[in-house]
Amino acid sequence: MQWAIIGIIIFVVVVFVALTVKIVPQQRVGVVERLGKFHRLLKPGLNVLIPIIDQVRTYHDLRIQQANVPPQTVITKDNVQVQIDTIIFYQVVGPEEATYGISDYVYGVRNISTATMRQIIGKLELDETLSGREKISSDIRLALDEATEKWGVRIERVEVIDIKPPLDIQEAMDKQMKAERSKRAIVLEAEAAKQDMILRAEGDKQSKILKAEGDKEARIRQAEGLRQAQELEALGQAKAIQAVAEAEKSRIGLLSSAGLDEKVLAYQSFDALTEISKGAANKVFLPTSAVETLGTLGAIAEVFKASKESK
Amino acid sequence: MVVWVFWLIAAGVLFVVEMMTLTFYLLWLSIGALAACLVSLLLPDAVLLQVVAGSLVALGLTVFSKPLVARFRSSRGFQDTGTDIVGRQGLVVEPIEPGRYGQVKVGGDTWSATSIESLGKDEVVKVVGRSSTIIEVVRWGDMY
Numbered sequence: 001m002q003w004a005i006i007g008i009i010i011f012v013v014v015v016f017v018a019l020t021v022k023i024v025p026q027q028r029v030g031v032v033e034r035l036g037k038f039h040r041l042l043k044p045g046l047n048v049l050i051p052i053i054d055q056v057r058t059y060h061d062l063r064i065q066q067a068n069v070p071p072q073t074v075i076t077k078d079n080v081q082v083q084i085d086t087i088i089f090y091q092v093v094g095p096e097e098a099t100y101g102i103s104d105y106v107y108g109v110r111n112i113s114t115a116t117m118r119q120i121i122g123k124l125e126l127d128e129t130l131s132g133r134e135k136i137s138s139d140i141r142l143a144l145d146e147a148t149e150k151w152g153v154r155i156e157r158v159e160v161i162d163i164k165p166p167l168d169i170q171e172a173m174d175k176q177m178k179a180e181r182s183k184r185a186i187v188l189e190a191e192a193a194k195q196d197m198i199l200r201a202e203g204d205k206q207s208k209i210l211k212a213e214g215d216k217e218a219r220i221r222q223a224e225g226l227r228q229a230q231e232l233e234a235l236g237q238a239k240a241i242q243a244v245a246e247a248e249k250s251r252i253g254l255l256s257s258a259g260l261d262e263k264v265l266a267y268q269s270f271d272a273l274t275e276i277s278k279g280a281a282n283k284v285f286l287p288t289s290a291v292e293t294l295g296t297l298g299a300i301a302e303v304f305k306a307s308k309e310s311k
Numbered sequence: 001m002v003v004w005v006f007w008l009i010a011a012g013v014l015f016v017v018e019m020m021t022l023t024f025y026l027l028w029l030s031i032g033a034l035a036a037c038l039v040s041l042l043l044p045d046a047v048l049l050q051v052v053a054g055s056l057v058a059l060g061l062t063v064f065s066k067p068l069v070a071r072f073r074s075s076r077g078f079q080d081t082g083t084d085i086v087g088r089q090g091l092v093v094e095p096i097e098p099g100r101y102g103q104v105k106v107g108g109d110t111w112s113a114t115s116i117e118s119l120g121k122d123e124v125v126k127v128v129g130r131s132s133t134i135i136e137v138v139r140w141g142d143m144y
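Residue numbers (full-length UniProt numbering), protein chains in the order written: chain A, 1 to 311; chain B, 1 to 144.
Worth double-checking, as some hints may not be accurate.
Within a straight-line C-alpha distance of at most 27 Å, the following computed BS3-like cross-link-like pairs (lysine-lysine) qualify [unchecked claim]:
1. B/K66 with A/K150
2. A/K194 with A/K216
3. B/K66 with A/K37
4. A/K123 with B/K121
5. B/K66 with A/K43
6. A/K135 with B/K66
7. A/K135 with B/K126
Restraint ranges, calculated between C-beta atoms of paired labels, are given here [to be verified]:
8. B/Q89 with A/E128: 30 to 36 Å
9. B/K66 with A/A4: 28 to 34 Å
10. A/A179 with B/S131: 51 to 57 Å
11. A/Y100 with B/M20: 34 to 40 Å
12. A/M1 with B/S131: 23 to 29 Å
Calculated directly from the structure, the hints in this document are not laboratory data. Ideal Cβ positions, reconstructed from N, Cα and C, are used throughout, including at glycine.
Just chain A, same shape as in the assembly:
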């Protein structure tokens, strides 16, 4: 009997103390209800509760948590079924709402993100879904924040891990990509050929023009040179003629002033004779009259001598 009482006392005390002192680790929070109604939150550290009256309803983990959403089949605007694989990061930011606002927030978060994703993808065409992951994430966040406001759960981010179009569509996309690339290659090639031809023709044209121009200039210069030379020559000749004429004139003037008209003639004919004798023909026949003339020439020489002595 005594031992039973001892046992009961020890049991009650152990339970009582265990219910009273609560240590809550960091980044966790407990929701305390006093007689069934929300009373306060248990903050990290040592907490003291009143047993029976106070009761910890639940603990929440305040760290960011991840929930994998199993691959979902979603239909896009252009009626293509794509498999979409997402991961959700969420965090409990309002422990009260997370306790009282929704029965199971993990389940809720999963469902609402899938539903929202379907709705958003349904508005997009296949090509947009593949390229616009950023936009999908942002749209999902906006829709989710409105929904989860009452849940005390903030959906940190929804990441689209993978978007898988059906196999035949994937093949078609591959084909399209290949065709597009080869088209680009062909266009580029043609463009290159065109440019090549144009450049060649242009070079040809330019070279021809340059050559012709060079020819023209050369000829003009040549002609100019010729003209100048001829002009100069004519000028020189004219001057020479003039000088000769002048000299002749002055010579004649001088001769006539010396009063040697007849004698000059005789002298000149003599000069002419010596000129003739220098000609190509070796034999020279002098007419007798000419010999006579030579005789007179001797006389003339004498005359000259005499005139010299008289001077």
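Position chain B relative to chain A; hints supplied.
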């Protein structure tokens, strides 16, 4: 065997378990057992009295752990940068109009935000309040 040895063993075991698990209430029970041990040294036969004495000590310590808690409260703890954002600066990513949610980027995180005034894209804002998932912002420099 003498009774006080049991009490001492119980106290020791409780103390060791307490050190391993850090739950605190085992410490009070351990001290209670120690008190019972002392009583058993004086009155080895009155086992019930020993139990009552030990229980009273444990309960008393439990009740008085409240002021102890107040003293331990002052430790630094961990600040969650993600949720502790009131007063911080943010940048509007999606324009905010009264009655509709926009988006604001605060330190790498995007939050849905409301405001009493309409704010355009790329405006610098200050976070003035947070309900659970929606933050309230004003234009930076409007309110101090």
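Hint check:
1. Annotation: proposed proximity of B/K66 to A/K150 is violated, straight-line Cα distance about 34 Å (limit 27 Å).
2. A C-alpha spacing of about 33 Å is found between A/K194 and A/K216, which places the hinted pair above 27 Å, so the restraint is violated.
3. Of the pairs offered as hints, the one joining B/K66 and A/K37 holds, with about 22 Å between alpha carbons and a cut-off of 27 Å not exceeded.
4. Taking the CA atoms of A/K123 and B/K121, the gap is near 24 Å; set against the 27 Å cutoff, the hint holds.
5. At roughly 14 Å between alpha-carbon atoms, B/K66 and A/K43 fall within 27 Å of each other, so this suggested pair holds.
6. Straight-line distance between C-alpha atoms of A/K135 and B/K66 comes to about 52 Å, which puts the hinted pair past the 27 Å bound.
7. Straight-line distance between C-alpha atoms of A/K135 and B/K126 comes to about 25 Å, which keeps the hinted pair within the 27 Å bound.
8. Range check, B/Q89 to A/E128: about 33 Å between beta-carbon atoms, so the 30 to 36 Å window is met.
9. Distance hint check for B/K66 and A/A4: the Cβ-Cβ separation is about 32 Å, which falls inside the suggested range of 28 to 34 Å.
10. Between A/A179 and B/S131, the C-beta spacing of about 53 Å keeps the proposed range 51 to 57 Å intact.
11. Range check, A/Y100 to B/M20: about 35 Å between beta-carbon atoms, so the 34 to 40 Å window is met.
12. A hinted range of 23 to 29 Å is violated for the C-beta pair A/M1 and B/S131, which are about 60 Å apart.
Comparing the model with each numbered hint stated earlier shows that hints 1, 2, 6, 12 do not hold.
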